[in-house]
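Participant: Here is what each chain is made of, one letter per residue.
Protein chains: 2
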Amino acid sequence: MGDQIQTLKGFRDFVGSQARKRKWLIKKIETVFERFGYEPLETPALEYESLLLGKYGTEADKLIYGFEDRGGRRVALRYDQTIPTARVISEYQNQLALPYKRYQMQQVWRADKPQKGRYREFLQCDADIIGTTAISAEAEILTLYAAIYTEIGLDSLKIKVNDREDLIKTLETTGIPLDKIFTVIQTIDKLDKKSKDEVRDELGQKGIESEVAKSLLSTLESQKVSEKLQKIISLAESMGVKKEIFTFSPTLARGLDYYTGMIFEGFIPEYKGGSVGGGGRYDKLLKQLVEVELPAVGFGLGFDRTLEAAEQLDKVPSLVTTALVLVTVFSPELTDKSIEVANYLRYNKVPTEIYLDSEKKLDRQLKYANKKDIPFVIIIGPEEVGKNIVKLKDMRSGDQKSIELSECISSILSR
Amino acid sequence: MGDQIQTLKGFRDFVGSQARKRKWLIKKIETVFERFGYEPLETPALEYESLLLGKYGTEADKLIYGFEDRGGRRVALRYDQTIPTARVISEYQNQLALPYKRYQMQQVWRADKPQKGRYREFLQCDADIIGTTAISAEAEILTLYAAIYTEIGLDSLKIKVNDREDLIKTLETTGIPLDKIFTVIQTIDKLDKKSKDEVRDELGQKGIESEVAKSLLSTLESQKVSEKLQKIISLAESMGVKKEIFTFSPTLARGLDYYTGMIFEGFIPEYKGGSVGGGGRYDKLLKQLVEVELPAVGFGLGFDRTLEAAEQLDKVPSLVTTALVLVTVFSPELTDKSIEVANYLRYNKVPTEIYLDSEKKLDRQLKYANKKDIPFVIIIGPEEVGKNIVKLKDMRSGDQKSIELSECISSILSR
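Order-wise, the sequence lines are chains A and B. Using our numbering, you'd call the opening residue of the first sequence number 3 and step up by one each time. Using our numbering, you'd call the opening residue of the second sequence number 3 and step up by one each time.
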C-alpha cells in the first residue's frame, strides 16, 4: 500500500488533544444554541449534484466534489449548509413551525487549493431564523453570535455591522452601473485587508472611472448609521449584548451576493487570523434556490479560526483531557482492588481510566499517564489496602498524599 | 430543478425531534466513553481509495463510494472506522500512548441496496483498545458496552459471548477443511435467525458432508465455556457488570473474518430489530492492514437500532426538546419586558425561546409553542408588568399560574 497510508492533502485527522479541544468547542457552541431554543438539523453528506451546481457561480462549481454513483446518478458532497437547509425547508415546509430556528454543525467539502488555514474538509457552524422579517430576528442572531464568544471566554469580540441595502443604494446613486454592483461590492469588501489606493486600482480595472471610485469611497466613509441598524443594535443591547462591541462599518460588504439587509462580521482583536464569522439577512435566497418565499437571517461561525483564537488566548482549559485520573495496578493480585476503586470513581462521574495490564511495572504506568496528560494517578499498594486508603499523586506538581478514597473525588474535580 | 429537491435514496435528513433524539443518544454514549477515559478520534470522510479496497473482500469493495477527485486521485468515502483508525495508528504510532483507547462516532457510506433499517449513510460508534493482550481489556470492553446501555436505561441488555479461537479449533477437529473455515463460520453465524435444518442445508451447499455438519453442530452445542472466557466474565463482573446479562453462546460466530479471540453480541430482548452491536478481539488485523503489530479489542455499537430500541421502550425522555419555555410578546410596547425575562432565564441556563414577531397575536404564538412541543409558555401582559409577575402556562395540562419570575425556573426545570 506504501504511500497510501496517509491522509489526503487538505484533510485532517484529529487525534488526542486536538480531537478533545474540538469536542470542547462543539459542546460550548451547542450549549448556547440550545439555550436560545435553536433546533439541531442534520442533512446527508451527499445530495443530487444538480441541487448544488450553479448556485454560487462557476468558480464555486469547480470546488464541488461531484461524481457518478453506482446507480448512475450525479451526486455531490455537501459544499455548504445553506442549500441543504433550503431543500429541507422545501421538503418539510408543512411540518416546520415558523419561524424555523435551526443550527447545523456538519462537515463540508471543497476541492480548493490547500494552504495554511484552508482545508478541503471543514466543520461549518450555522444558525438561522427562517420565516420572519421582524428586526428582533437580526437582534437575536447578533445576540446568539455574541453569546457564543462569551461562553468560550473570548470577551473581546467586536462585531462590524452594515446594511447591504444602504450600500447598494449608495452604489447606485454614485453612478455605479447596475451590472457592476456585485463585482464592486466584492472589491469594496477587501477594504479591511487592502489600502484605499489598491481598492481604487481594482475598481479601475473593473471599469469604474477614477472620479466615481473616489467619490464612492468618500461617500461610504461619511455614511451615517441608519435608523434600522440603530434599532437592531439597541434591541441586541436589551438582549444582553454590550453596545461597545458593535462598530458601524459602512464599507463592510461581505462577499456573497445573496444578502439583502443587515450584514455583520465578527473579529477577535488579539487574533490575527481574520474574521471569525459573520452573516446577515437574505430574504430572497430561498425563493431563488427552492421556490419558497421565506425571509431569513443567520450566521456562519468560523470554527477553525475560533478554536485557533481560543487556543492562542488561552481559553481552552488545559484540563480538556479525557480521563482525570489513572488508577494504576500495583500487582496482578491487587487488580481487583484497583478495579473497585475505578468503579467507585466512575460511579461518581469522575472520568477514570484503569491501567489494563497488571504485568507492567508501576513506573511504566506513570509514564503512560504522563504521555496522555492525565493529571492524577491513584496507587493502591499492599500498605494502602491494609489501611483502606489510596495514594493520590498530582502528576503536575508531583505531590502525593495518602487519603481516603471518598476524599479523592473533591481533590480531583477541584483541579 | 424539479425532482432534485429531495434526499437521495438511502440517505436521511434529521429534522426537529429526530435530530434532538440523536443528539440525546450521542451525548449519552459520549458521556460513558469519557467516564472510562477513552479519547475521541476524528478522521476525514475521504481517504485514498487504495487504502480501502481489497480489505473486506470483493463484495464489500462494490459498496465503497469511490471516485476520481479533481486532481486525478482515486479517493473513497469512509466505509468503516477500523481502516482509518489503522491508518492513524500507523501514521502516529510514535505519539500515541499505548494502550491507545479511542472512540469514534462518524458517518460511514455504503452503496448498498436501501431497505428498511439499511441506509447508505449511517453513524458508526466504535470503541477499541489497541496495544495490549491483557484479558482485562476484553473485560473493560464488555463493561464499557454494558455501561452505555445502563446509561440509556436499556437495562435488559443481554450479551452473548464466545471465543473465535475455540470455534475454529472445534471446526478443525470436526474435519472442516481449512479453506472452508470462514465460509462455514458465516453459515453458523446464522443460527440465531435460521433453523438448524436450514443451516445444515447451507453447509451442504458449501460442500460439507451432512454427517460432518451434524457432528459439528452437536459438538458446538455441547461445548463448555472456556476458562479464559470465565475469567473475562468474572473480571467484567468485578468492573460492575451483572453476571446474568452474559450467555455463553458456542455457536456465535460473528460475520467478519478478522476476530482472533473473544467475540460478543448485544441484544435487547424486547426489541425485535436484531443485535444492537458487538465486537471482539482482533490481534492480527492491524498487521494485515498497515503492517503494525499491535493486538486489539473493541466493539461497534449499532446506533440506529439502539435509538430505535430506546424509543420503543420509552427510554428517550419526552422532554428532548430544544427550548423548555417560550417567552411570548404581548404587544410591541412590551417587547423589552419579554426580552428581559428571556435574558434572565437564559442566564440561569434555562433553554429559552423568545417569540420574535411582536405583531403576531398571542394565540398564534401559543400555537407555535404547541407545534414545536415547547412545554411551557410565559405571558407578560400589562397586568403582570404592573405586579412584577409573569403568567406561566403548562402547555400539556393547560394549567396556568401567576408567579414571580424566580419561581418559574424551578417549575420549568422540575418538569
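A few of these clues could be false.
Because identical chains cannot be distinguished in the list, a pair is counted as satisfied if it fits within a single copy or across any two copies.
[Unchecked claim] Computed cross-link-like contacts, DSS-like style, restricted to lysine-lysine with a CA-CA straight-line distance of at most 27 Å: (1) K362 to K286; (2) K230 to K362; (3) K233 to K339; (4) K196 to K274; (5) K11 to K64; (6) K393 to K208; (7) K393 to K25; (8) K245 to K339; (9) K195 to K23; (10) K351 to K30; (11) K351 to K23; (12) K389 to K115; (13) K233 to K245; (14) K363 to K233; (15) K317 to K25; (16) K233 to K317; (17) K11 to K160; (18) K339 to K57; (19) K226 to K171; (20) K395 to K286; (21) K339 to K244; (22) K274 to K171; (23) K351 to K317; (24) K317 to K29; (25) K195 to K395; (26) K395 to K171; (27) K195 to K363; (28) K317 to K30; (29) K393 to K23.
Keep in mind that the hints were calculated from the coordinates and are not lab data.
Participant: Work down the list of hints and note, for each, if the structure agrees.
Facilitator: Consistency of the hints with the structure:
no. : hint         : result
1   : K362 to K286 : between (66 Å within a copy, 22 Å between copies)
2   : K230 to K362 : between (69 Å within a copy, 20 Å between copies)
3   : K233 to K339 : between (65 Å within a copy, 16 Å between copies)
4   : K196 to K274 : within (15 Å within a copy, 64 Å between copies)
5   : K11 to K64   : both (17 Å within a copy, 25 Å between copies)
6   : K393 to K208 : neither (73 Å within a copy, 60 Å between copies)
7   : K393 to K25  : neither (31 Å within a copy, 38 Å between copies)
8   : K245 to K339 : between (58 Å within a copy, 19 Å between copies)
9   : K195 to K23  : neither (30 Å within a copy, 44 Å between copies)
10  : K351 to K30  : both (20 Å within a copy, 13 Å between copies)
11  : K351 to K23  : both (20 Å within a copy, 23 Å between copies)
12  : K389 to K115 : neither (64 Å within a copy, 62 Å between copies)
13  : K233 to K245 : within (12 Å within a copy, 65 Å between copies)
14  : K363 to K233 : between (68 Å within a copy, 22 Å between copies)
15  : K317 to K25  : both (14 Å within a copy, 25 Å between copies)
16  : K233 to K317 : neither (33 Å within a copy, 46 Å between copies)
17  : K11 to K160  : neither (34 Å within a copy, 44 Å between copies)
18  : K339 to K57  : neither (63 Å within a copy, 42 Å between copies)
19  : K226 to K171 : within (13 Å within a copy, 85 Å between copies)
20  : K395 to K286 : neither (61 Å within a copy, 37 Å between copies)
21  : K339 to K244 : between (54 Å within a copy, 18 Å between copies)
22  : K274 to K171 : neither (32 Å within a copy, 64 Å between copies)
23  : K351 to K317 : both (24 Å within a copy, 21 Å between copies)
24  : K317 to K29  : both (14 Å within a copy, 23 Å between copies)
25  : K195 to K395 : neither (51 Å within a copy, 52 Å between copies)
26  : K395 to K171 : neither (67 Å within a copy, 46 Å between copies)
27  : K195 to K363 : neither (58 Å within a copy, 47 Å between copies)
28  : K317 to K30  : both (12 Å within a copy, 26 Å between copies)
29  : K393 to K23  : neither (30 Å within a copy, 42 Å between copies)
Hints 6, 7, 9, 12, 16, 17, 18, 20, 22, 25, 26, 27, 29, counting from the list given before, are not met by this structure.
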